[in-house]
Amino acid sequence: MSGNGNGLVQLTAKDFKSDQEVRWCPGCGDYAILNVIQVFMPELGLSRERIVFVSGIGCAARFPYYMQTYGMHSIHGRAPAIATGLAVSRPDLSVWVVTGDGDALSIGGNHLIHSLRRNVNLKILLFNNKIYGLTKGQYSPTSELGKVTKSTPLGSLDHPFNPLSIAIGAEASFVARAIDTDKKGLTEVLGAAARHRGSAFVEILQNCNIYNDGAFDFVREEKGNRIYLQHAEPIRFGAEGEKGVVQEADGSARVVEAAAVDETTLLVHDAGQREPSLAFALSRITFETDGAVPLGVFRSVERPVYDDLMSEQLDAARETSGEGDLAALLHSGDTWTVA
Amino acid sequence: MSGNGNGLVQLTAKDFKSDQEVRWCPGCGDYAILNVIQVFMPELGLSRERIVFVSGIGCAARFPYYMQTYGMHSIHGRAPAIATGLAVSRPDLSVWVVTGDGDALSIGGNHLIHSLRRNVNLKILLFNNKIYGLTKGQYSPTSELGKVTKSTPLGSLDHPFNPLSIAIGAEASFVARAIDTDKKGLTEVLGAAARHRGSAFVEILQNCNIYNDGAFDFVREEKGNRIYLQHAEPIRFGAEGEKGVVQEADGSARVVEAAAVDETTLLVHDAGQREPSLAFALSRITFETDGAVPLGVFRSVERPVYDDLMSEQLDAARETSGEGDLAALLHSGDTWTVA
Amino acid sequence: MIRFAGDSGDGMQLTGDRFTSETAVFGNDLATLPDFPAEIRAPAGSLPGVSGFQVHFADHDILTPGDQPNVLVAMNPAALKVNIGDLAKGGTLIVNTDAFNDRNLQKAGYGSNPLEDGSLADFHVHEVALSSMTIEALKGIDLITSREAERSKNFFALGLMSWLYQRPVEGTLAFVEKKFAKRPEIAEANAKAFKAGWNYGETSEDFAVSYEIAPAKLEPGTYRQISGNTALTYGLIAASKLSGLPLFLGAYPITPASEVLEQLAYLKHFGVRTFQAEDEIAASGAALGAAFGGALGVTTSAGPGIVLKSETVGLAVTLELPLIVVDIQRAGPSTGMPTKPEQADLLMVMFGRNSESPVPVVAASTPAGCFHAAIEAVRIAIKYRTPVFLLSDAYLANGSEPWLIPEVGALADISTEFATEPNDGETFLPYRRDAETLARPWAIPGTPGLEHRIGGLEKEDETGNVSYDPENHDLMVRLRAAKVAGIAADIPELEVDDPDGAETLVLGWGSTYGAIGAAARRVRATGRNVATAHLNHLNPFPRNTGEVVRAYDKVLIPEINLGQLRMLVRAEFLVDAVGYNKVRGRPFRAAELEDAITALVDS
Amino acid sequence: MIRFAGDSGDGMQLTGDRFTSETAVFGNDLATLPDFPAEIRAPAGSLPGVSGFQVHFADHDILTPGDQPNVLVAMNPAALKVNIGDLAKGGTLIVNTDAFNDRNLQKAGYGSNPLEDGSLADFHVHEVALSSMTIEALKGIDLITSREAERSKNFFALGLMSWLYQRPVEGTLAFVEKKFAKRPEIAEANAKAFKAGWNYGETSEDFAVSYEIAPAKLEPGTYRQISGNTALTYGLIAASKLSGLPLFLGAYPITPASEVLEQLAYLKHFGVRTFQAEDEIAASGAALGAAFGGALGVTTSAGPGIVLKSETVGLAVTLELPLIVVDIQRAGPSTGMPTKPEQADLLMVMFGRNSESPVPVVAASTPAGCFHAAIEAVRIAIKYRTPVFLLSDAYLANGSEPWLIPEVGALADISTEFATEPNDGETFLPYRRDAETLARPWAIPGTPGLEHRIGGLEKEDETGNVSYDPENHDLMVRLRAAKVAGIAADIPELEVDDPDGAETLVLGWGSTYGAIGAAARRVRATGRNVATAHLNHLNPFPRNTGEVVRAYDKVLIPEINLGQLRMLVRAEFLVDAVGYNKVRGRPFRAAELEDAITALVDS
Ligand SMILES: Cc1ncc(C[n+]2csc(CCOP(=O)(O)OP(=O)(O)O)c2C)c(N)n1
Ligand SMILES: Cc1ncc(C[n+]2csc(CCOP(=O)(O)OP(=O)(O)O)c2C)c(N)n1
Ligand code: SF4
Ligand code: SF4
Ligand SMILES: [Mg+2]
Ligand SMILES: [Mg+2]
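Chains as they are written, first to last, in the working numbering: chain Z, 4 to 342; chain S, 4 to 342; chain P, 1421 to 2023; chain U, 1421 to 2023.
DSS-like cross-link-like pairs, simulated, lysine-lysine; straight-line CA separation at most 30 Å:
1) S:Lys139 - P:Lys1527
2) P:Lys1501 - S:Lys139
3) Z:Lys186 - Z:Lys17
4) P:Lys1527 - S:Lys20
5) U:Lys1599 - Z:Lys139
6) U:Lys1527 - Z:Lys139
In case anyone wonders, no lab produced these hints; they're calculated from the structure.
Chain Z with its partners taken away, still in its complex shape (with noise of 0.2 Å):
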């Protein structure tokens, strides 16, 4: 690293690499994400110490041991309201969030939609691999209905949830999808996340080699079955760009042979549309209804953040009534004096 004593700084992965060993199982798809998102910090633009990792417990949340900025390894599924309470109180910081798919969806599921709703500047990036890796191999809300695993011998009974559609319907204003191994891809998305101000809703697709090896190998392995989204660009995927995507009568999104359809009919992707009743049916396009799987930003607005109502309701506080005179305070209302 080297700073010029002005708080500019030119960082290097090499900077964001903590002194701790790593210790995720070998060929675990956590590797490849930190590794991605140690090269992509220096990105930002900022010295490490404004920069914190909050996370809370799973393999994925072991993530801020790595990382050689501010970090806190919480308890299971609160990091975002830990996060909410450094972020809204220190809107100097940037705050990232590192979760798993039991973490944020099973027992964080309430701080997780809450978060979003709120649009708290928090970027949080939830490692899907579909299990729940660090109690060794149960399913999580992620996985297959009738999935075998440790605590379902006989196979899972419920429906899993859909990580974007719950984002979408808890009012997230920015919405991604990215792959561990897709170090492009999950570069963008980070960026634009970054970008973002208000909280940031990041997908990650991370293979547990343990537990849940392969489960997104038709992403993961098959580029042809990657949906890149690209704003304002009509959605066309597969290996020559045969496919494409329009929208149906019904509301829902669907995957067509581009040949099949007149090219003006495919979608053209608008991240930054308000309404986020499109990017909700482009969540539902998934590997099991359409064979293939949208990447990138689904959805990116702006809208009032948490964090900045809440300072400009102070100033406007102060401004309205000086700052606060704890004499003043105690002495309000009716009082009396004894001689």
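Starting from the known structure of chain Z, fit chains S, P and U with the ligands onto it as the hints suggest.
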């Protein structure tokens, strides 16, 4: 009540009134709801002992005390979890959850979304008065941004949830809305919810005349602003049916002057559509965006019910392995005998 | 001692408040006990809908709001029914006869009219047609319907009582004008009703005398009346100023703690951030996150919400970050009786976390005392980098008393220093401790060069790195315990009030302070000797506590629980302390404690 | 006493398990202590990645897995480094020389090769090229890569040890065949490696002798080996059968409790419903909801999850419904050391709820003892209509011992009756109590005529209607307390083992049972007298507990916490009990307890 000894019963509203004095504030919308539900109950065709009301904490949550059925007034936000245990272990019961906007969407948000995705056979009635009534008037997760309440004298800072959007985002199989004082509309929705196997989520707009009086006047008083959704019918409303709903190119649903568009472009409501995108778009039509509010059943689709799957799994296990034999279990694995 | 009682809608709390203010300004010492019913508005005229407010005032210092009122104002039959049992024999009863109609009598469950059936023979009953006289008095005012006029009857009653005790009236008249500034006709109506009440007292033959209670002799200075929740709010604001740390409150509404959130939300110009969270877990989590960032993190709740914070408090214990957790206790278990006081959360805050997880506990003893208790809790949290529990209860929260307003300049500085430099050569060791306090450095994000990671896994001594080493774990468990135990050296010794060398000690904590003091006074007045001591620190105990309790033959610990402090004292000091325990959701009466103490002294 | 140690990936747990099985079948008494590291797979060859398994076996009855192994099998340098400190001087060390390359030595933090630098001079070192010999031995098998072959080295080691102690081999060979049925080539490889190991022992000159440890003399009957978590699972299944109530488990995964969920999930043919909830709050809530419906509601977790259940347990206390809350304790505070045992949740389960909220507590003392402890917890919960805490810990959970399988027919019936009829004329009073047990009727939905509502607000005695009456509240608080206290009459007296009339009592609870017993044996062997007693009920205590502890001059309470039972005993019985407390995340060693007891006896 008159039973005939065969378990067939012909009950009336009176049979469902408990001996407890009803203790809401005079004028509270909860009275109207109680009344409609007591009138509706006989329609279930069930004897009273098979019906259970479970609630959390709040004004709304006092509901079970007034019903001559089984009931539990539990703890704040946890009713869906408690009811899940009951419904799953007792498929013979009809289990209803009564909750408020704070109870269901603030502290209880996680249990709500998980019970919806699981599709547990619960009827969840959310009395939304956009305020915390019981604790005397703090804003709730459905209160509008900038709301001045006891806890937000300078205005609230958080963007509200749209209860139906979050429910649909959480994979709800049945989603509906009604108004406390609209007997007919509410009764219809209750009937549809009762008939739906799986979790049914019903938002009931309820007036808290003490802490948030008139919050829903635009639709509670002004009937012209009610958009009654009727399955398989084009969506039209207004005093003379002069307005309608169309789907826009951006995926959203919007109110238009019916005269201004071709009749055939009006959306035909299809509550049974598997794809939730259009139901989601309809949930975004609000008084703030369109000056009108859709009512009735937004979505009602069949999908596997958690409790049923659980029962089937038990049956299958017994079929495969025979009724569990304790002695055999204790002797499973390596044993040896000492003489 | 006066009690106003009426329907929730009758404005009894306002009436009581104003009477209290007049009394305070007049210079009497006083204590109050509001008693509002459940949390919803029960139907008008019903028993559960009754709301009461008791004021105790005198020309000497007062310790409790009193056991039995001498004067009861009953606005309707339900209010009479609920409260008459408490009125002292021979006491004065003022009833609003207009409300004693058949419907109201029936709602209150009276078979016959108590005003007629002789059942009130033990009392001086004044039948006053409060409603109709009020309506009559307000006839002249335009814009006021007779229904609205009738609503002013509480001011009529207030005027009457003010006359009876010769309270100064200016304050109330000014208050009415200000409070109803937006509706001047209502202001006028209330003022008129108030004066009419006063005049009625003066002219009616029914009230032969008015009482004069001379001002009490209080320490010189400027006073105000203050409730526990307000004192707590101000204490937190003061602690923020004194520590130089911005206040961050994470809270979720719950009776009787919501008020602290609500009051702090008004004080944003003090740099206060109030965050109404989605639940208590998030509320405490956010406060802890703010503390990580260098704020004064506070979270407030009552018992049913405090249980939900345990996990976060456990994390704070191992992170060794300051966090203030305020528990305004109410009657339980579970939801219990939300508006009623109790002191039964002590063992929960001591032990309600997995594993060895020591947390200091500070308790307030009087409404005004909540101010200093809050500052003390913050002082300990900051200095020792630890979560601290601050205990109040529903009685302190809503009760009020006159308070000698402290000089701001005289309040002690409680500021701390953040770490700014490595503490081991080039390296920063986040768990290297201060030799005296055992506190670790507080290095907040934004500090260059001190980047570090903390978490809930066991940490290696000094480095804070994750460690599963057995001996290290034992060491860390003991260090955390020693840090909290060591606070004993930094808190005042337990003071004993023992004027005559007694054999019996009454040891208390929390809101029983007033009742114990009053009871001891009465016992001493009978010529018996008794010592009293009151704990404001429950963990650790003041360093001389063992000495104190062992110095007496008999130790009585009265608590509004089944004996929680008693258990701690017995375990730690092996003294055979006995308890006086009544768990009724209300404060002790001095009289019952007097009996209990007398019995023990005489035993 | 043998310890196998290697990398997490080396299959040490499987190896240990098999050796244990062979040993059990052979008829030795035994106890085991698996010790796996953190919860993720650390990099191969690293210190945190080391996994161990200790087996203690003998021809007499065994109480602990032993302090110091006599034989250590170290599969790599990291395993050596982590474990060598424990090996008894003069003990046997078997190392896999193939793993002692520079890279592994460096990863383990060895500056020089311990096999060469003389640092192992105190031990009998056997250098065995386990990896290469295994690869060599498997050369003949098709379909097996040499990497795969290398993985069978644990079976080679197992074969060698089996030869050394002359264990019967049939079980292991059958096991391998079944376990790897889907990949016969792996089955063949493991079997071959196992035999190769045995043969190596027999042929190599390095191992001069093999040991024979004769079968222990155990009570006649059919035995199996059982771990605490399996015993607990079976106990719950048995309790469901014995009570006639279908089992409903609400759980959220957490180490070391997940296994109970996982095992019960396999037992659906017993009518078991397992619900993996979204969190611990929902898990306990669902179990309580199921209990309301007449099921046997159970919820399982470890400390960090139990804190989240407090609110629900508080509700269960006031609803007076049966609920089993299993806490498999692990080292804390907060996340702590997830795989390590501790007994520090006792005070949390006693007091971790708002207000007076008494809950019975049952604790298991041995792995097999979890079976009966589970049944006992269920018995109390059902009979008294109360939540019950059942305490186990990570050591009991994973440790195993031989178990004399009970006759199903000999297990006592614990069934109950649901209410079916009104109990007050035409009326049903849901809080009218049984005169003896103080339990209220359990009227489940579906029962005609008994429709009623229950909730968390305080209830009127008998009717259960919401009540804010002060005296009623006091009564209810006392009734709930009396109900739990009354259970003392219904549990066995505390048994004291005092062969020689000692002056010193060692009182224990939970998993220290074995270590205390072994230590007492050793102390007695030196001619000293010491008594022991072990509590299986922590709330209420057995009725003679006071008598027992007061009968001794000195009372020592060893606990893997800072003195939690000690505090309860001191408070309740005012005896000056002292503690032996080490909080290292691992069981006590008999030797250290021996020293502690000896010191106290001699004092
Ligand atoms: C309160 C609490 N409950 C349960 C656990 C156990 N636990 C730790 S991580 C985890 C789930 C991890 O799954 P996920 O969030 O998907 O992360 P992953 O390990 O897959 O990266 C669980 C159940 C805990 N630590 N704390
Ligand atoms: C754990 C816990 N936290 C807080 C409370 C206090 N509390 C009771 S009801 C309520 C909110 C009620 O709002 P809502 O659910 O909208 O119901 P309403 O009263 O408006 O019908 C709160 C915060 C509680 N009882 N328990
Ligand atoms: S268990 Fe899975 S998610 Fe966890 S570190 Fe291993 S591979 Fe990664
Ligand atoms: S406070 Fe509002 S919601 Fe509650 S009972 Fe009164 S009117 Fe109804
Ligand atoms: Mg995961
Ligand atoms: Mg509400």
